[in-house]
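Participant: Could you use the hints to bring the two separately framed chains together as a complex?
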Amino acid sequence: MATTTFNVSFSYDKAAYDKGETMTITMSGDATFTDTVVTQEMSGSLDQTFVAQNGEVQHLMAPSVTIVKTENVSQSLPVVYQNIVAADGRVWTIKPDGKSATAVA
Amino acid sequence: MSLQVTVRASNGATKLYTVPDPVVLATAEPNATTTGAKGTLTTYTGSYTISGSNVLIKDKILNKSIRVTGLNVTFENCRWTASSGWGIDADGASGLKVRNCTIVGSGNSCILTGINFLIEYCDLSGYDNGVMVQDSGTIQFCYIHDLHPGSVGEAHVDGLQMGGGQNGVLIKGNSIRSWDTSCIIMKCDWGSGAPIRNVTIDGNWLRNQPGRSSIAATIYAYSNQASLSNIVVTNNKIEPGYTGSLAYDTTAARNAVTWTNNTHVTTGAVIPKP
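Protein chains in written order, with my numbering: chain C, 1 to 105; chain D, 1001 to 1274.
For reference, chain D alone in the conformation it holds in the complex (with noise of 0.2 Å):
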């Protein structure tokens, strides 16, 4: 994500130039009171495919899967009980935003994100992963718990899931906590070789979901049918699965891994790279 900033001469010339975000920092792990829908909410009575383009759903309560083909689909202080596939279905769709919504269901995940999306301040639960990132976007200040509420024998739950062909991804400030698989998977298993590039997973808390079997990493980089590049973790307050808290399955995979000021989450020490 970045800025797009045009800048004008006194000719009259302009020049785009892209300049990175700002560090926002969370001043504080993310829980069920700073995310996900507050106050008054009525049910929502439109339709469950939205295909029309910057359309605001604002203050709903939902009780389905709802899909989204539309550009630039806004979701702000909204509640889902969806029970099937996804919250919200955002295949291929672009400039999806999620903000400041609750979803709780079961299925494959909460949201799958489509391409440029923003998902922040959401309380994701119930599904088997959080968010399926489809490409580009942010995932900032999300509570993404209690996921795959099921049998321990079906799990492989993850709080946050890319399967190959994402480029551009910023994970900042989440609370991720889950259980069996990963907090946060990367692995090329979509399509014949899609790489996975450009993911900066920044001052999130990642841990076990207690009362659950651990996971078994909380970071996996896999490049499995193609390649990871630049991916950066940084700053982020980790409780290692039972093997750690990155699994890689080569060395280029481990070598596409900047690993900086990573901690203990509880001890607060410093985890050199795995």
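The following block holds chain C by itself, in its conformation from the complex (with noise of 0.2 Å):
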């Protein structure tokens, strides 16, 4: 089953803020998806040969096999801020790289 886990971390850039100062929110990070891929292949049927003690030789054909493969697959993405929300009503503005967003303090 495909999962994506964030493993995300927001941080002022200062630890407070002096009224009408522009504070700014950074966010770092990823997330990851992860997804079990489950392949099957044929083998591929085999020539078996077969040589008596007089010489004689003889080709048995085995035949093809299923295999199957299963895969863990893991990739990282890239994420960014899509809204923020403050419950006093302060707006903030997600910067063009959806990485940082202001507000005035």
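Careful, some of the hints might be misleading.
What the hints assert, rightly or not - Under the rule of at most 30 Å between Cα atoms (straight-line distance), these lysine-lysine pairs were calculated in the DSSO-like manner: (1) C:95 to D:1237; (2) C:19 to D:1273; (3) D:1064 to C:14; (4) C:14 to D:1237.
Simulated from the structure, these hints should not be mistaken for laboratory data. None of the values given here were measured: they were computed from a predicted structure.
Facilitator: Right under this line is the structure:
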């Protein structure tokens, strides 16, 4: 089953702000997409050669079998801010790179 | 209070994070100049019951108590002179915002908050209490003063009052001048056993009202019928009441209070946890 796991942290550019100062919050980290991929392939038929003591040769064809392969896929994904809502009504503006946002203290 | 941050990965998956609010400092103690309504105001002629959602009332003079039941009602730069009950009665309402308003009057409290409220840069005076906090919300950069102008014998004056059931309250950068009882009281009186949880009192000026009898204690933390938990008191400038800067009724109530970097408003001396 495919899952996307976020590993993101946030940091302000200062520990505290004076009223009216511009505040910036930056996001770092990424997301990891994981999935389990199951593939099947045929082994192909197998030509087996038997040689008798008298030198006579005989070929027997073993039938093709199905090989099931289970593989875990992991991929790192970039992340961006999609939205920020402040409970105090302050408006946060997301920068074009999607990695930071600013508001007035 | 907090930021609700939605993050989107390049495959379209999203996740909602809750991020703590930034710390915004008041650069100076709020006063009548930095708070309250300013400029030209006109008389409010609308209904004194606001049931609609996302209503904005701005630059108005209101002459009686207003009842708010709607969602996300905002008052900006308004002045009240009400004389009964509450200036703003938002009992049970969600999302009240009161910015740069002046409320003068007499009665219970200038504002009954409702839940998920924001009160900032307000000049609140005259009532028995400045703000009656109902549930979660923020009160910041307000000037609360000259409460209860009546006789001393009737007074039970608190700058901010939480009576139980509050969870998630930020009180930041306010100047609160009170007398008789407290600047901030947390006491689980309401309902049957409603606790008070997650209250932060940060960077306020908590004083006695000049010309009045001293507050009993600057901050009350009384569990009474329920319990207190995660009460953070930090960075405040305090003028202790006649019993001190923090009153509590049980050891558990005292232990619920995290007390750091609080100083005497006049001397600057660090006040240890009482």
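Participant: So if I understand the rule, the pair passes when the alpha-carbon distance is 30 Å or less; does residue 95 of chain C with residue 1237 of chain D pass?
Facilitator: violated (37 Å)
Participant: Does the alpha-carbon distance linking residue 14 of chain C and residue 1237 of chain D stay inside the 30 Å limit?
Facilitator: Answer holds: residue 14 of chain C to residue 1237 of chain D is near 23 Å, not above 30 Å.
Participant: Run the distance test for residue 1064 of chain D versus residue 14 of chain C: straight-line Cα separation, threshold 30 Å.
Facilitator: Since the Cα atoms of residue 1064 of chain D and residue 14 of chain C sit roughly 43 Å apart, the hinted pair is violated (cutoff 30 Å).
Participant: Quick one, are residue 19 of chain C and residue 1273 of chain D close enough, alpha carbons at most 30 Å?
Facilitator: It holds: about 29 Å lies between the C-alpha atoms, which stays within 30 Å.
Violation of the numbered hints given earlier is confined to hints 1, 3; the remaining hints are satisfied by the structure.
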